[in-house]
Every structure is written in structure tokens, then in C-alpha cells.
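Colleague: If you're matching them up, the sequences are chains A and B in order.
The numbers in the working numbering rise by one with no breaks, and the one at position 249 of the first sequence is 249.
The numbers in the working numbering rise by one with no breaks, and the one at position 20 of the second sequence is 473.
Source of the hints: derived by calculation from the structure; they are not laboratory data.
Please note that a few of the clues may not be correct.
Claimed, not checked - Derived DMTMM-like pairs (lysine to aspartate or glutamate); straight-line CA-CA distance at most 25 Å: (1) Lys466(B) x Glu78(A); (2) Lys317(A) x Asp330(A); (3) Lys87(A) x Asp332(A); (4) Lys458(B) x Asp82(A); (5) Lys471(B) x Asp82(A); (6) Lys458(B) x Asp57(A); (7) Lys458(B) x Glu65(A); (8) Lys173(A) x Asp358(A); (9) Lys87(A) x Asp330(A); (10) Lys462(B) x Asp451(A); (11) Lys462(B) x Glu78(A); (12) Lys455(B) x Asp25(A).
Stated by the list, open to error - Some chain A residues flagged as far from chain B (calculated, every beta-carbon gap over 12 Å): (13) Ser172; (14) Pro236; (15) Lys317.
Using N, Cα and C, we set each Cβ at its ideal position, and we do this for glycine too.
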Amino acid sequence: MIHKFSLNHYNIVLDVCSGAVHVLDDLSFRLVDFTSAQMPARCPEEAYAALSDYSRDEVSEAYGELYTLVQDGLLHTEDDYDQFIGKIAPAPVKAMCLHIAHDCNLRCDYCFAAKGDFGHGRKLMPLEVGKKAIDFLLNNSGNRRNLEVDFFGGEPLMNFDVVKQIVEYARSKEAEYQKKFRFTVTTNGLLLDDDIMDYINREMDNVVLSIDGRKEINDSLRVTPNGKGCYDIIVPKFQELVRRRNGQQYYVRGTFTRKNLDFSKDVLHLYELGFDQISIEPVVSDPNVPYSLKLEDVPAVAQEYERLAKEIIKIRKSGKSINFFHFMLDLDQGPCAIKRLRGCSCGNEYVAVTPEGDIYPCHQFVGIDGFKMGTLDEGVIDPAMKQAFSKANVFNKPHCRNCWARFYCSGGCNANSQQYAGGILQQHEVSCELERKRLECAIMLKAALADQE
Amino acid sequence: MKHIKTLNKVNLKQTAAKGGCSECQTSCQSACKTSCTVANQKCEK
Ligand code: SF4
Ligand code: SF4
Ligand code: SF4
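The task is simple: from the sequences and hints, build the whole structure.
Modeller: Written out as C-alpha cells, the structure reads:
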């Protein structure tokens, strides 16, 4: 299977099953329609006829190149990945999202955490629950060495003493269990001070800083309980934190909605504020709220992704750095095919824990009826549910099986599919359309930057 | 090649046989928490 597209004057062919990406001239791009896995070595007459605006010699030459790619396993590569289905099975838990505070000092309108409390009242995770979560991870991670813990909320800084004690507890177990913990914290920034910044920069492998972009955009949805926007408070704090971070991993992360379909301006605004690791993502919400993205918005969002990609090319060609999370793509040393086919692993290798110690498949399933997988007190998770989630991969999602983007997207978000498409194996169409557009942009970016070399 | 430029060398299929060790970062943890894009993840092997 191949995916063929033109974007920003680049003719691109992705060979889906080998992952090879080719940039073609106009002639060879048109000739691709006459190729297949079983193509004959000699160019068929109907191809010459269809390309009569070129000389026979030119057509023969381009055809020969396409033929070589097929022979080399870089075009029309066969899909025989079925043999690996067995590798995608229930596996040890190795990543955990700790809902350290089901409380928040902001009231963002689109928050999937239902304004911080996940619909179940405001609560902070007690240290004892945090320690049990670490024990659970240590005891259920089998021979996995790298363990990930993400402090999430609500707003984790509202319970930061407990965060510190959990980190200390986990570190104290690393040698005995021969594990390495990697911590991440996601914060809205309101409570950041010097001590917390230094602590985060010392202990957290990654920090995710929530901001939506331009002041008027950020402040229209990210508001404090008294209705005031938070932009002026958080921007200097985020800048300071990143300055002190000395190049360690971080992201400024925001959401765009139907109200800012010109979100490339928000990305560029964040860049102008001095941030170069940026993630701005489509809102995921009930289709009935006014700011939700609908299928009819897809063309506008797609255009905007293109605009953004072109801006990023300009910045990169000027020798400066900028990473837009959803355009990041490693064509040479990205993840192995198994990881790509496995999906997000929620409910299997990854789980979320509430302040009460309840276990859910992931942070976005928290609070959804019927998805509690177990409790830390029992210390086990429902094997049937784990099994079901391990099967939520591209092999078992009918819409993904033949999607050209499956090795990059990995099957979409099970939580979105559950909430807005009716089941974890169902398709959330808007998300798919946007994912595919982002991937085209990401691949085109590679072509444009390779052009420069 | 004159008409075609191939951008990458690695063949995805060859990564399947030895892959799947799960030592790398869980995709949703890295930034967005709302989608499962894996292509930007790093292999730890
Ligand atoms: S560390 Fe590499 S080989 Fe192991 S699962 Fe991740 S991408 Fe695959
Ligand atoms: S874009 Fe949609 S159909 Fe394609 S792999 Fe992702 S979730 Fe599946
Ligand atoms: S279901 Fe969605 S939100 Fe949950 S881990 Fe997977 S991709 Fe992330």
C-alpha cells in the first residue's frame, strides 16, 4: 500500500509498510499510478500513452527507477505484519498517571477533567495512596526497567508536598528493584515559584506547561475562579522555568478550539515568547458545545496546519530551532513497528490512578462509568479489561487496518473513541482527518528540510 | 536516481522482529495527553 500526495510543491509517496518516503518529480509522480508490487520490468504502452507529453526515453527512465524501488522493498511493500499480532498482548504495567489533585485553581471551559474534579468532588491524593501506587508499579512491571510516572491533575502543584514525597519514596526503591523512574509533571503554572521550579528542573525528566497561545485566546478559556485570565501570571514563570532548565525536555502545551482556527498564530506567538518545544492540540469535547471541532471545520484546520508547516520551514531554514509536537517525525530511527502497531497501551501498559486509589485505563477514562479497572488496595486490575484494551490496536480497529497512517497514528485515542464515537474500537472521524493531515505536513517538512541539505 | 529522491534508509519491517521491548516512553505521556502519535517517540534500544 502506498499513500501519494502533493503538498507545498512536493510530490510525495509514502510506502506504508516499509516506511520509505520518496520525493518525486512530476513525471515519476504520475507514473506511480502504473506501478504495483507485480509490475513488469518493461513500461506498459498505456503509461507511455498517458504521459505522451514526455519523451519515451524519459518515461522509460522514470519507470525503471520505480521498478528498482519495488525490487528493493521500498515501494508497494507487502503487508505481512499479521505475523506479529502475537507480540501485542497483555504486558506488564510500566507507566502511570497519578491524579495528584482532583482540584484546580483554574476553571478552563474545555477541561476534560470537568474543571479539575473529574466530576467526583475536589480531592487531593494522600501520600499513602501515592506510595501504594509506586509499589503497584514496582510489583507489576515485570522485567521493564524504565518506569514512568506522570503527576497530573487537576493541578498537581496544589498538592506538591505529596509529589515530592512520592518522588523521594520511588527513588529510594530504584536500586533494590533495579528500576529507573522518569517523572513528568503537567502544570498550569499559577503556583510556580523559585523553589518549585528548581525542584522540577532537578527531578522531572519532562515538564508540560499549559498555555493556549496569544493572550486573548488563552484568557478566553483559561480563567481563574473569579473569571480573570491567567496569561500575565504564567508567561514570566514559564519563561523563567525554561531558562533555568538548560535544554532539558519540556513542552508548552495548549489547546485550540473552533474559536481559534487560526491557531498557527498561537504557535508562533509561543515561539516569539522564547519557547521552542510546542504542542497545540485540537480540543476534544462534546460535539454540542459551541467551541468543539466539527467535521465541517476540518478543511480550515487542515489549511492552518499547512500554514504552520510553512512557517516552521522558514524558521528552521533560518537556522533556528522549533519543534511542533505533532509534526515531529523520525523517519530513520523512530519507534519499532511493534510499538507503532500496539497503540497507546492504555489499560495495558499504562494506567491512571485517582486520589482515592482507583485504577482506570488512562487519565481520560477517569470518572467514566464502567471503566474502573481495580483499586490499589486490591492490588490487581481486571484481567478481562486489560485483555480488551491490549486488543485495542490497529489490527482490531476496522477503520485503521487499511489506513495509510496506521504506523504513525497507531490507532487513535481510545478515550475519544469511547466518549464520542461509542466504543474503544470505533472511529472518531474528526481526529482521524486531522491526524492524517498533520502527518502529511510532517512528511512534507522532512522533504523541505532535506531539500536544503 | 534522477527522478526520485528517497528520504530514509531504515526499513520499518526489519524493526518488527526485534522490537516491542517497551522500554521507551508511553506515547501519551510525552506532551499532549489527548492523542496517540507514536512517530515522534524515540526508541531506547
Ligand atoms: S524501545 Fe524501541 S524496540 Fe523497544 S518497544 Fe520502544 S521503540 Fe520498540
Ligand atoms: S488516522 Fe484514524 S483510521 Fe488511521 S490509524 Fe489513526 S485512528 Fe486509525
Ligand atoms: S486512550 Fe487516548 S488519552 Fe488515553 S492514553 Fe490512549 S491516546 Fe492517551
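Colleague: Each hint needs a verdict: does it hold in this structure or not?
Modeller: Consistency of the hints with the structure:
1. About 10 Å separates the Cα atoms of Lys466(B) and Glu78(A), which keeps this hinted pair within 25 Å; it holds.
2. At roughly 18 Å between alpha-carbon atoms, Lys317(A) and Asp330(A) fall within 25 Å of each other, so this suggested pair holds.
3. Restraint check: the Cα-Cα separation between Lys87(A) and Asp332(A) comes to about 23 Å, which is no more than 25 Å; the hinted pair holds.
4. For the proposed pair Lys458(B) and Asp82(A), the alpha carbon gap of about 30 Å is over 25 Å, so the pair is violated.
5. For the hint linking Lys471(B) to Asp82(A), the alpha-carbon distance of about 15 Å falls within 25 Å, and the restraint holds.
6. The hinted pair formed by Lys458(B) and Asp57(A) meets the criterion: a straight-line CA distance of about 19 Å does not exceed 25 Å.
7. Pair hint Lys458(B) plus Glu65(A) holds up; C-alpha atoms about 10 Å apart against a cutoff of 25 Å.
8. With a C-alpha separation of about 23 Å, the suggested pair Lys173(A) and Asp358(A) falls inside the 25 Å cut-off, and the hint holds.
9. Restraint check for Lys87(A) and Asp330(A): the C-alpha separation of about 23 Å stays at or below 25 Å, so the hint holds.
10. Only pairs whose Cα atoms come within 25 Å are accepted, and Lys462(B) paired with Asp451(A) is accepted, the gap being roughly 16 Å.
11. The suggested pairing of Lys462(B) with Glu78(A) holds, with an alpha-carbon distance near 17 Å, which does not exceed 25 Å.
12. Of the supplied pair hints, the one linking Lys455(B) and Asp25(A) holds, its CA atoms being roughly 9 Å apart against a limit of 25 Å.
13. For Ser172(A), the requirement that its beta carbon stay farther than 12 Å from each beta carbon of chain B is met, with the minimum near 22 Å.
14. Non-interface status of Pro236(A) relative to chain B is upheld: no Cβ of that chain comes within 12 Å, the nearest being about 22 Å off.
15. For Lys317(A), the condition that its CB be more than 12 Å from all CB atoms of chain B holds, with the nearest at approximately 17 Å.
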